[in-house]
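As given, the protein sequences belong to chains V and E, one line each in that order. Its first residue numbered 0, the first sequence is counted upward by one per residue in numbering that gives the first Met the number 0. Its first residue numbered 0, the second sequence is counted upward by one per residue in numbering that gives the first Met the number 0.
A couple of the hints might just be wrong.
No distinction is drawn between identical chains; accordingly, a pair holds when it is met within one copy or between any pair of copies.
Only pairs whose alpha carbons sit at most 20 Å apart, straight line, appear in this in silico EDC-like list of lysine to aspartate or glutamate [to be verified]:
{"hint": "1", "residue 1": "K132", "residue 2": "E121"}
{"hint": "2", "residue 1": "K132", "residue 2": "E21"}
{"hint": "3", "residue 1": "K85", "residue 2": "E114"}
{"hint": "4", "residue 1": "K72", "residue 2": "E213"}
{"hint": "5", "residue 1": "K85", "residue 2": "E95"}
{"hint": "6", "residue 1": "K207", "residue 2": "D167"}
{"hint": "7", "residue 1": "K235", "residue 2": "D167"}
{"hint": "8", "residue 1": "K235", "residue 2": "E176"}
{"hint": "9", "residue 1": "K160", "residue 2": "D7"}
{"hint": "10", "residue 1": "K179", "residue 2": "E213"}
{"hint": "11", "residue 1": "K72", "residue 2": "E95"}
{"hint": "12", "residue 1": "K119", "residue 2": "D35"}
{"hint": "13", "residue 1": "K132", "residue 2": "E190"}
{"hint": "14", "residue 1": "K57", "residue 2": "D167"}
{"hint": "15", "residue 1": "K235", "residue 2": "E168"}
{"hint": "16", "residue 1": "K116", "residue 2": "E53"}
These are calculated hints, taken from the structure and not from any lab test. These figures come from a predicted structure and were not determined experimentally.
2 protein chains.
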Amino acid sequence: MHLFYTPDIDASHPMYFLNEEESKHCIRVLRLQVGDRVQLIDGRGGLYNAEISEAHPKRTILKINSVQTGFGKRNHYLHIAIAPTKNIERFEWFLEKATEIGIDEITPIICQRSERKEVKIERSAKIITSAIKQSLKAYHPILNAPIAFNQFVKQQFEGQKFIAHCMDESKTGLAAEVEKQSAYVILIGPEGDFSPAEVEGALQNGFKAITLGESRLRTETAALEACFEINFLNRK
Amino acid sequence: MHLFYTPDIDASHPMYFLNEEESKHCIRVLRLQVGDRVQLIDGRGGLYNAEISEAHPKRTILKINSVQTGFGKRNHYLHIAIAPTKNIERFEWFLEKATEIGIDEITPIICQRSERKEVKIERSAKIITSAIKQSLKAYHPILNAPIAFNQFVKQQFEGQKFIAHCMDESKTGLAAEVEKQSAYVILIGPEGDFSPAEVEGALQNGFKAITLGESRLRTETAALEACFEINFLNRK
Numbered sequence: 000m001h002l003f004y005t006p007d008i009d010a011s012h013p014m015y016f017l018n019e020e021e022s023k024h025c026i027r028v029l030r031l032q033v034g035d036r037v038q039l040i041d042g043r044g045g046l047y048n049a050e051i052s053e054a055h056p057k058r059t060i061l062k063i064n065s066v067q068t069g070f071g072k073r074n075h076y077l078h079i080a081i082a083p084t085k086n087i088e089r090f091e092w093f094l095e096k097a098t099e100i101g102i103d104e105i106t107p108i109i110c111q112r113s114e115r116k117e118v119k120i121e122r123s124a125k126i127i128t129s130a131i132k133q134s135l136k137a138y139h140p141i142l143n144a145p146i147a148f149n150q151f152v153k154q155q156f157e158g159q160k161f162i163a164h165c166m167d168e169s170k171t172g173l174a175a176e177v178e179k180q181s182a183y184v185i186l187i188g189p190e191g192d193f194s195p196a197e198v199e200g201a202l203q204n205g206f207k208a209i210t211l212g213e214s215r216l217r218t219e220t221a222a223l224e225a226c227f228e229i230n231f232l233n234r235k
Numbered sequence: 000m001h002l003f004y005t006p007d008i009d010a011s012h013p014m015y016f017l018n019e020e021e022s023k024h025c026i027r028v029l030r031l032q033v034g035d036r037v038q039l040i041d042g043r044g045g046l047y048n049a050e051i052s053e054a055h056p057k058r059t060i061l062k063i064n065s066v067q068t069g070f071g072k073r074n075h076y077l078h079i080a081i082a083p084t085k086n087i088e089r090f091e092w093f094l095e096k097a098t099e100i101g102i103d104e105i106t107p108i109i110c111q112r113s114e115r116k117e118v119k120i121e122r123s124a125k126i127i128t129s130a131i132k133q134s135l136k137a138y139h140p141i142l143n144a145p146i147a148f149n150q151f152v153k154q155q156f157e158g159q160k161f162i163a164h165c166m167d168e169s170k171t172g173l174a175a176e177v178e179k180q181s182a183y184v185i186l187i188g189p190e191g192d193f194s195p196a197e198v199e200g201a202l203q204n205g206f207k208a209i210t211l212g213e214s215r216l217r218t219e220t221a222a223l224e225a226c227f228e229i230n231f232l233n234r235k
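Bound-form chain V, shown alone (with noise of 0.2 Å):
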């Protein structure tokens, strides 16, 4: 079924107003007609099933016939803060697999050694919409503006902090230390890894020194293993 990412619906009107764009792809692209039935997420958990009620091509009018609320709520919440990579795709690729895969919130750090010091976050934000649309998930995760590391190490944060960072040092696995349905905040560092001075402000900071296994991954794939790693923890 057809699916729509509605964040501006309210759950307690009975209609909805696709807007033009949507609309449009709607009637003239979907082709779809009087009474067939879609699918809204208003990406706060909510799950819509409705139906076209005027197949109007800039002004589509959706009855809605049922709602569902926190519809595949996690038991957890995961907060990953990430250097950008030089290369974006590489960073689009994680932000599209970590939302397939289950994530809240992810911040783009800027560190010491980082090659790119900027995103283009409305992009990044539609990639994370059409991920949350591919794979039928309801809440939205969060994308902060980028920040500099050593702000972000300094904020508050709930639960458990980690950072995940390349040097020898004796760390533990996500596995002995995650207390399950908390909250977590892991850092990954750029291609070159975290500077020493980075990874002394973070522990200052509270946040706790981890290993994500014996394997030398990639900036993306890191993140993207916390993410598994999390998840697979927190699992039922």
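With chain V fixed as given, assemble chain E onto it according to the hints.
Just chain E, lined up with the frame of chain V:
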């Protein structure tokens, strides 16, 4: 340090001659000189420390200083049989990521609902090779030629056999099924999932149905999830 993939190297020989292409890359592109140190991997677990003894642009001679065998040898054997994705980039992305995380053998399987019936094996093998160099893996995963699903499931395999289909049936996760430090074959279906007949055929041939979690995953993401889980469950 610069790394070269040299599958034809003879561990008993103190010298190695880079082929014309690698020699050109080594001398003209990397501009390495006599005495510069490089590393070689043979794809069979051998990691070699060498230095340039003759910087010839067509026939560079390397002096082998030390050899380490069984480098990064893993404690299990993972064979993933995956239906190549319609968009080949997604399949190639899986090859790169699975190689980084850890995989031993990959077989493209052509299923009833496969939109793609062929794979450029040479091109795919190159992607795996660059991934082992990037992630310093001394073992080169085996990439088999595409084979029809029905033929594949009739073959003999050592260890445990799983099929990750999406049909509504009671399935357990790998965490409950996996015998550690074993060999595993895992079947991952195409965009439209396996057909009921294919699932039945796999079960009849001793494959066990498993779930990879609650999320609706793309083909390449499901295959990588399986790769993550097997490696994670076998982590020391």
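TODO: Provide an ascending list of the numbers of those earlier hints which the structure does not satisfy.
DONE: 9, 12, 14, 16
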